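With chain A held as given, fit chain B onto it using these hints.
Chains as they are written, first to last, in the working numbering: chain A, 3 to 118; chain B, 9 to 122.
Warning: the hint list may mix true and false statements.
[What the hints assert, rightly or not] Okay, derived cross-link-like pairs now, EDC-like style, lysine to aspartate or glutamate, Cα gap no bigger than 16 Å in a straight line: (1) A:LYS43 / B:GLU25; (2) A:LYS38 / A:GLU60; (3) B:LYS11 / A:GLU46.
[What the hints assert, rightly or not] Coverage of chain B stretches by chain A, computed from C-beta distances (three or more under 8 Å per stretch; other residues unrestricted): (4) 44-54; (5) 109-115.
[What the hints assert, rightly or not] The calculated label-pair distances, taken between Cβ atoms and stated as ranges, are: (6) B:ASN66 / A:ALA82: 47 to 53 Å; (7) B:ALA79 / A:ASN59: 33 to 39 Å; (8) B:SER39 / A:LYS20: 30 to 36 Å.
These aren't lab readings, by the way, just hints derived from the structure by calculation.
Because the structure is a prediction, the values reported are computed rather than measured.
For every residue, glycine included, the Cβ atom is placed at its ideal position computed from N, Cα and C.
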Amino acid sequence: DTEVTQTPKHLVMGMTNKKSLKCEQHMGHRAMYWYKQKAKKPPELMFVYSYEKLSINESVPSRFSPECPNSSLLNLHLHALQPEDSALYLCASSQDRGSSGANVLTFGAGSRLTVL
Amino acid sequence: AQKITQTQPGMFVQEKEAVTLDCTYDTSDQSYGLFWYKQPSSGEMIFLIYQGSYDEQNATEGRYSLNFQKARKSANLVISASQLGDSAMYFCAMRSPYGQNFVFGPGTRLSVLP
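Bound-form chain A, shown alone (with noise of 0.2 Å):
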């Protein structure tokens, strides 16, 4: 089983919908991420929170907004979305910062995410 835990594993929504992905793990780590990943393309970084703050924007959309309850949970939610959203969406944690292999991100299984 994956330590990083992601719900919904599909969604499918409509432009002028409001929904939230949601992601959790218990690993102690102290940096979360959201990535974003179209067919057959690596994934693209949208947000990172380090101890619960916001740290990365990599300039997306508003109708994109993230959130860290606490550093257990990351979620994601959605609002008025496009059909060129339509992805999956991937939730990663770290440790913290760095390039040792200490600090090796464990991705959950990801969300699917139609937007029609």
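Positioned in the frame of chain A, the structure of chain B alone reads:
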């Protein structure tokens, strides 16, 4: 800026054979980490192996080994004794000491033939 190149969009290998997936990188940092991830069709990114830029020995993890040639800036993944379950996308990635982002390569799709 950091960049990862994976020149093989797709690879085929016969079951039980070894296969090498290529990865070259570009960075001006002296200290960095190199990672390989496997992504099956289910979507989850699975960490396989890590190599630090100052590690003198090539990393090994079970059937996975990393052929690290620092002067050539390459970090090729070697999978020995391929299994049908190895069929997946494989991404090479790099991280700098103080960066919070991983730079991913475009990936290589490996297909293991019975």
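_Outcome for the supplied range 47 to 53 Å, where the beta carbon pair is ASN66 (chain B) and ALA82 (chain A)_ = holds (49 Å)
*Checking C-beta pairs, does the segment 109-115 of chain B have three or more residues closer than 8 Å to chain A?*
Answer holds; 6 residues pass the 8 Å Cβ test.
*Please test the hint of 33 to 39 Å on the beta carbon pair from ALA79 (chain B) and ASN59 (chain A).*
Between ALA79 (chain B) and ASN59 (chain A), where Cβ atoms are some 37 Å apart, the hint holds.
*If you check the beta carbons of SER39 (chain B) and LYS20 (chain A), does the distance land in 30 to 36 Å?*
43 Å Cβ-Cβ, so the 30 to 36 Å window is violated.
_So if I understand the rule, the pair passes when the alpha-carbon distance is 16 Å or less; does LYS38 (chain A) with GLU60 (chain A) pass?_
holds (11 Å)
*Given as covered by chain A, does the segment 44-54 of chain B meet the bar of three residues or more with CB within less than 8 Å?*
holds (count 6)
*If you draw a straight line from the CA of LYS11 (chain B) to the CA of GLU46 (chain A), is it 16 Å or shorter?*
holds (14 Å)
_Tell me if the straight-line CA distance from LYS43 (chain A) to GLU25 (chain B) falls inside 16 Å._
violated (27 Å)
In summary, the numbered hints that this structure violates are 1 and 8.
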